[in-house]
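Residues per chain, in single letters:
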Amino acid sequence: MLVIEQETYDAIVAHARRDHPDEACGVVAGAEGSDRATRFIPMLNAAMSPTFYEFDSGDLLRLYKEMGERDEEPVVIYHSHTATEAYPSRTDINLAQEPGAHYVLVSTRDGADDPAYDGPVEFRSYRIVDGEVTEEEVRVVGSYGESPEGED
Amino acid sequence: MAIELRVPTILRTYTGGAKAVTGDGATLAEFIDNVNGNHPGLKERIVEGEPEELRRFVNVYVNDEDVRFTGGLKTEVKDGDVVVVLPAVAGG
Numbered sequence: 001m002l003v004i005e006q007e008t009y010d011a012i013v014a015h016a017r018r019d020h021p022d023e024a025c026g027v028v029a030g031a032e033g034s035d036r037a038t039r040f041i042p043m044l045n046a047a048m049s050p051t052f053y054e055f056d057s058g059d060l061l062r063l064y065k066e067m068g069e070r071d072e073e074p075v076v077i078y079h080s081h082t083a084t085e086a087y088p089s090r091t092d093i094n095l096a097q098e099p100g101a102h103y104v105l106v107s108t109r110d111g112a113d114d115p116a117y118d119g120p121v122e123f124r125s126y127r128i129v130d131g132e133v134t135e136e137e138v139r140v141v142g143s144y145g146e147s148p149e150g151e152d
Numbered sequence: 001m002a003i004e005l006r007v008p009t010i011l012r013t014y015t016g017g018a019k020a021v022t023g024d025g026a027t028l029a030e031f032i033d034n035v036n037g038n039h040p041g042l043k044e045r046i047v048e049g050e051p052e053e054l055r056r057f058v059n060v061y062v063n064d065e066d067v068r069f070t071g072g073l074k075t076e077v078k079d080g081d082v083v084v085v086l087p088a089v090a091g092g
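From first to last, the protein sequence lines are chains A and B.
According to my numbering, the first sequence is numbered sequentially starting from 1.
According to my numbering, the second sequence is numbered sequentially starting from 1.
Where hints are given, some of them may not hold.
Stated by the list, open to error - Listed next, the in silico DSS-like pairs over lysine-lysine satisfying Cα-Cα at most 30 Å (straight line):
hint: 1; chain 1: B; residue 1: Lys-78; chain 2: B; residue 2: Lys-43
hint: 2; chain 1: B; residue 1: Lys-78; chain 2: A; residue 2: Lys-65
hint: 3; chain 1: A; residue 1: Lys-65; chain 2: B; residue 2: Lys-74
hint: 4; chain 1: B; residue 1: Lys-78; chain 2: B; residue 2: Lys-19
hint: 5; chain 1: B; residue 1: Lys-19; chain 2: B; residue 2: Lys-74
hint: 6; chain 1: A; residue 1: Lys-65; chain 2: B; residue 2: Lys-19
hint: 7; chain 1: B; residue 1: Lys-74; chain 2: B; residue 2: Lys-43
hint: 8; chain 1: B; residue 1: Lys-43; chain 2: A; residue 2: Lys-65
hint: 9; chain 1: B; residue 1: Lys-43; chain 2: B; residue 2: Lys-19
Hints listed in this document are in silico derivations from the structure and should not be mistaken for laboratory results.
In isolation and in its complexed conformation, chain A is listed as follows (with noise of 0.2 Å):
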């Protein structure tokens, strides 16, 4: 199960609808092994793409080294697809190279990119590891700090 804190959903949801039509894609970090993603960092899509992300490998060096830096790992690595359903695509699950991380997906197709939109935007969590996809239950909690185990 992935907990997100609302704050940290509300901005991966933003950045997928700013960037559409091209994909938007980041990660959130987390102290090594605590399994709690908080902080933020959207990434450029070097790609450029409506298709296709790649975090710039300048980018990437930095972002590992800050994360080194700080005792930190990805615990969320995120992205958006812009004209299909919030599930991994087959390069999603040929690339993915961080068996501990949160995949996961947004999907802005169907207008949800518009700035008038109000309804829901898919919001979908995975394992990848070794090319298998295990969807995730996401539960959104206003700060971990308020979220005791086995409480809702």
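Dock chain B against chain A, hints included.
Below, chain B alone, put in the same frame as chain A:
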């Protein structure tokens, strides 16, 4: 002195969990071969094809420079250098 390789999480199965290992060589290709001698299997996760090339979705940096801009596997390395391997974060 030696050359240090920083190993990404997904490849630490080849290094017994170590985040960094060391090796020698005059070029990146030699260095990867040398490290692979102690950690078999590591090389084929970084390099592919004949002639050998870096995998498209693996990034390698020598002293913070992406080697795609410095000669790829022919990039010269020396004692004290730090080689970082990072899988691309990419998809469709």
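Structure-inconsistent hints, enumerated in ascending order: No hint contradicted; all consistent.
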